[in-house]
Amino acid sequence: MIDANLFSLSQTTAVQSGYPFRGTIEGAQDGGVIALQMKDVDPESGIAWAGALRTHLPGRKGPSWLQPGDLLFVAKGARFYAVVVDTPPMPSVCGPAFFHLRVQPGVAVEPAFLAWQINQPPFQRLLMQSAEGSGQLSIRRPVLEALPLAVPPLSQQHRIVALDRAARAERATLRRLIQNREQQLHALAEALSAASMRSQQATRP
Amino acid sequence: MNDLTTPQLAQAAVSQDDINAAVWAACDTFRGTVDPSIYKDYVLTMLFLKYVSDVWQDHYDNYKAQYGDHPELIAEMLKNERFVLPASASFYALHALRHTPGNGERIDKALHAIEDANLSKLRDVFQDISFNSNKLGDEQQKNDILRHLLEDFAKPALNLREGRVGSLDVIGNAYEFLIKNFASTSGKKAGEFYTPPEVSTLMARLMAPQPGDEICDPTCGSGSLLMKCGRLIREGAGSRKYALYGQEAIGSTWALAKMNMFLHGEDNHRIEWGDTIRNPKLLDGANNLKHFDIVVANPPFSLEKWGFEGADADKFSRFRRGVPPRTKGDYAFILHMVETMKPGTGRMAVVVPHGVLFRGAAEGRIRQKLIEENLLDVVIGLPEKLFYGTGIPAAVLLLRKHKADDQVLFIDASRDFEAGKNQNVLREADLQRIQATVAARQPVPRYAHLATQAQIAENDFNLNIPRYVDTFQEETPIDLMAVRRERLELKAELARLETQMDAYLKELGYE
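Protein chains in written order, with the numbering used here: chain A, 1 to 205; chain B, 1001 to 1511.
If you are wondering where the hints come from, they were derived from the structure by calculation, not from laboratory data. Any given hint could be a false lead.
Stated by the list, open to error - Below, a sample of chain A positions facing chain B; criterion: calculated Cβ distance under 7 Å:
1. Gly62
2. Arg159
3. Ala162
4. Ala166
5. Glu170
6. Arg176
7. Gln179
8. Asn180
Claimed, not checked - A few chain A residues that don't get close to chain B, going by computed Cβ distances all over 10 Å:
9. Pro20
10. Glu26
11. Gly46
12. Leu57
13. Gln104
14. Gly106
15. Gln117
16. Asn119
17. Gln124
18. Leu126
19. Leu127
20. Ser134
21. Ala187
22. Arg198
To be verified - Straight-line distance between alpha carbons at most 27 Å, and here's what the computed BS3-like set of lysine-lysine pairs gives:
23. B/Lys1421 / A/Lys39
24. A/Lys76 / B/Lys1421
25. B/Lys1064 / B/Lys1180
We put the CB at the ideal spot given by N, CA and C, even for glycine.
The shape of chain B in the complex, shown without the other chains (with noise of 0.2 Å):
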């Protein structure tokens, strides 16, 4: 009896694991053939197009078990699918015809297909990657790459249908595995600029969002950082009460995002594909810049080609406390999320390098008004090694529109951390002890500081945390007299040990 129910549980309890190895075996293909940079759009948009057609197939199965084997009745039901996918753009169509030349060709075409069938959600989504590009190599060595591609999709521990799979999470966590590990293998080539998980978890914990929150990422990537936000409303209010907004400004990461949208089941999403500083797409009905109760960001450190030229005149008048340096993006990415915030509810939070700290001249002036606006509400420290493809430590930034009160609050959170070979992670316990420190707003020796307006005024609105936190260990006061001591005994071991040595030398024979 157990023979028989053994291999049936084994394939019903499929792990995150299995799923994780699966999905990451099938780039083997790709690997020293094509670059880990090239080669992530190809995966990440075959795994989308697979769990779109394992849905399908399996809701087909289900209405063919309960209605019977009537094809026009079942495609009409089919319809109401969340994904409409025509018969010809299925995967599995694709896989069996693996091995007539033309794969890249016909992959297109199914993308396509699936576009057009369902405009209002994966409008240009596919637009910037092709399957029949020469990325792959000639034509044999493309048809031949693609093939094992299919044939790695569709072994068995990539069967993603509801039935085995079990909640969509579980697709979505594939996804952003491999979103991440692009990320650590290849470093900002491929993961651009990739938040650790840590890191984003800790700011949206930091950010509590509230059911009906309207919540953006201006330089969304992947959008890993907005659907945390969104999962912490889930699971602390059980609602689905909230809307995300995005934008990115690379149009194959802008892609992804969608595809990761959906694979977790965040359909009610915006995301818009654009530069956020020359051209904010996220507008509200009068064409100004639409105001969010969340803004969080991690914008690339110290972007050199900004758009500086366009910032004097910006039409959404950003730029009204300075103009951020030429070659500097770091103040033109907060001033953007400051101006998103809400009046009442608004909140951000942004990760930065720390260079914005204490950088002056322009930099310096921007600082000085947000600080005598009284927006800037925490900074915190963060360890170094933490990010992909930069040791630097960098910090993160909390501001809010209405503060408490007119103190900012230092947290030096760079010694706590797990240290790894290349990269270091912060711990929970290390996360428990930023969050308890933010909510509590008070001092912390050695570790917190609550300064006052005046005391940064006379720092010269330098935020440098040092000047705040003070982690010198005081050091135990020096007995002179017993340093005295100690010395004369070593002088006379000194001496000892010469005569000792001499005797010894004698008796080899030495003199």
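Only chain A is shown next, with the shape it has when bound in the complex (with noise of 0.2 Å):
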């Protein structure tokens, strides 16, 4: 049994709102700030940031740039997730759909192991009670920031990260021989079809 000890989220972690855009965020080819919005996140391959939209940040405000190690939260729509921000190749913000989480300094929490437990059933399970909404569900932040978290000591937190890694690439292996075999499948029809058409020509007078 691992041992792991409770905590709130807002104790191990701060957790800011996305950049405040209003309306259609407006693309710009030399914009030098990129602004992650939805479609850009993907909870199994996590941030796709060739496809970001860049701009030009309208406000006035400093804004929280996004780190290497920082976690975006997906609060807004059909899932509630979390993806592990890797290294963002020019100034980065978040839309408004995300909340921007950095594990707090001086805390054991890895920020890949806090993605995980985001992402798994208990967890969902809390956030899934909390949401609110007519239209399409959200998370405030007050209540995101007040679920609990399980935290075990850091060694044990690498190897939870480390067996969902192998765990993503079994996954994605798995597919892979899916598609190999349908391959062999096609290959199989392609050639069928071609002996026949070659064999009907054949007696064709």
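Got two chains here, each in a separate frame; can you build the complex from them with the hints?
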């Protein structure tokens, strides 16, 4: 069994709102800032920086820039989940659909572990219980901050993260195995119909 | 100095967008109270009334400046105007009395006075529209709504005087803008079967209208398609030598078409009111169907009650190739159009649902005859979600009385479009590609195919486009050995991951 201590999320992590873009984000080819939107984030593959929108930031207020090791929490829509920010290619912010999470300095929590725990069924159940909204569900910041985390020692966190990473690799490999089998069957079908066409042409007078 | 000139400039340079926004804002008065399918007639009629009043006032002021204040003299001169406006029927007279109850009745009287003063042009145009109707609510609400409407149209942005607006097209475009927006916001209900502008542009261009052509749309709706054809001649040859003919079954839409024509300066038109199948109105001197150089239409898709009962005994024998099925009117309109093409130059373009290409029974037999008579020229498959109120993809058929060869060109244009949220649109490049392909009449891989009569016969006269245009992407042949090698590698990888995960689980205390 793993020993773990119970903390509320805000005890370990600072939670900030996403950058308050108003309405549609205006793209700009020469923009010096990346604005991450929902479409750029996926629970399985993380952040797709390549397709993200470049823009100029309107406001005067200094935004909270994304740093490696930060977390994005998707707080609106069909599914709530977190992804870890890897290395942003240029100054980046996230849109208002996200919360921007950062593990507080000196706290023994590995970001990837935090993301993993948020995405697991026990925490997801808590999120679904706290979600509010009539059109689409969303999580308010105080609600997220109050949710409990079970935090084991760092060494154990690392193992869990490694296990999770290996499990992702396993999923990807299994998918490729399925594709591989489909290719075999396609090749079989193509060969079959090509052969029958040839024989039909041969029998024609 | 600049301070003096700037406001004048701003007043002179009136943009299409400003006018469009102003007329669209005028609809706000009705929103929430009256359905768009009803209030569109009121707004469009009011726009026409405002236009006639403003032009009249403009000319009145000019004469006054020229000849001084002699009301009788000016009145005499104004009798030669395009539209004669009785003083009490002017928009401004109605606007001045807007706070006095009875707005609806006053507007109706004004419209009838205008109709009577311009009978040759406007006969019956206002008969279907009553501003004094209970559709607008009880007496008080009606007065209120109409007062707002009069005030909206009195705004400076909707000053439609020639001196300010310049070309007539601006007003016509605003009119079409409204019609299009009514079509897109309320679908079939208000727009009936409004043809998207790119589709009518495409059809007009493919018909290549020439000076001297007689052009007809037997289901003309608000008349946009006809006007596109006319505009092409004016732009191309600078000639106004053409005639537009149309017929529309719905009275209020027919009235809109008439007003639309006048607002675009197309005074040389003949638009009749009536059902094209049961009661064709465009006849020649001998009471036969009139023939045209160009026949274009976007008939209602698969109309259920199209007039099957009378089709057998049709006195113009339009259905001698076969009577279309009782509940699908597509071929009734196509056959009507075929019968109204001129023998030599006659050509037609018609928008149809895909069923027309492949349905069997009576429709199959009619299709076979049209092909055997070598009338069918081109079949163009359009993308889905182009039309308002329906997502289905449509096709455009081109038919020609005198074809250069006996083949049929198939074009699959269904994958070239700009995707929109609810509506897709054809881009200029997409239109050009279709035009160029029709002009070249050569096969294009995965896009166009030139089919012989024999090939179509081999397909049982089924015109389903995928039968002719093969859009299937040829797959690169699969190397079975490589696939097998990859399989082994993947399995080894899986085994490695399994061991790794077992180790982690053991460290976490699970064995």
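Structure-based check of all given hints:
no.	hint	in the structure
1	Gly62	violated (35 Å)
2	Arg159	holds (5 Å)
3	Ala162	holds (6 Å)
4	Ala166	holds (5 Å)
5	Glu170	holds (5 Å)
6	Arg176	holds (6 Å)
7	Gln179	violated (9 Å)
8	Asn180	holds (5 Å)
9	Pro20	holds (25 Å)
10	Glu26	holds (18 Å)
11	Gly46	holds (19 Å)
12	Leu57	holds (27 Å)
13	Gln104	holds (26 Å)
14	Gly106	holds (25 Å)
15	Gln117	holds (14 Å)
16	Asn119	holds (18 Å)
17	Gln124	holds (21 Å)
18	Leu126	holds (23 Å)
19	Leu127	holds (25 Å)
20	Ser134	holds (22 Å)
21	Ala187	violated (4 Å)
22	Arg198	holds (15 Å)
23	B/Lys1421 / A/Lys39	holds (16 Å)
24	A/Lys76 / B/Lys1421	holds (21 Å)
25	B/Lys1064 / B/Lys1180	violated (39 Å)
Checked against the numbered hints listed earlier, the structure breaks hints 1, 7, 21 and 25; every other hint is satisfied.
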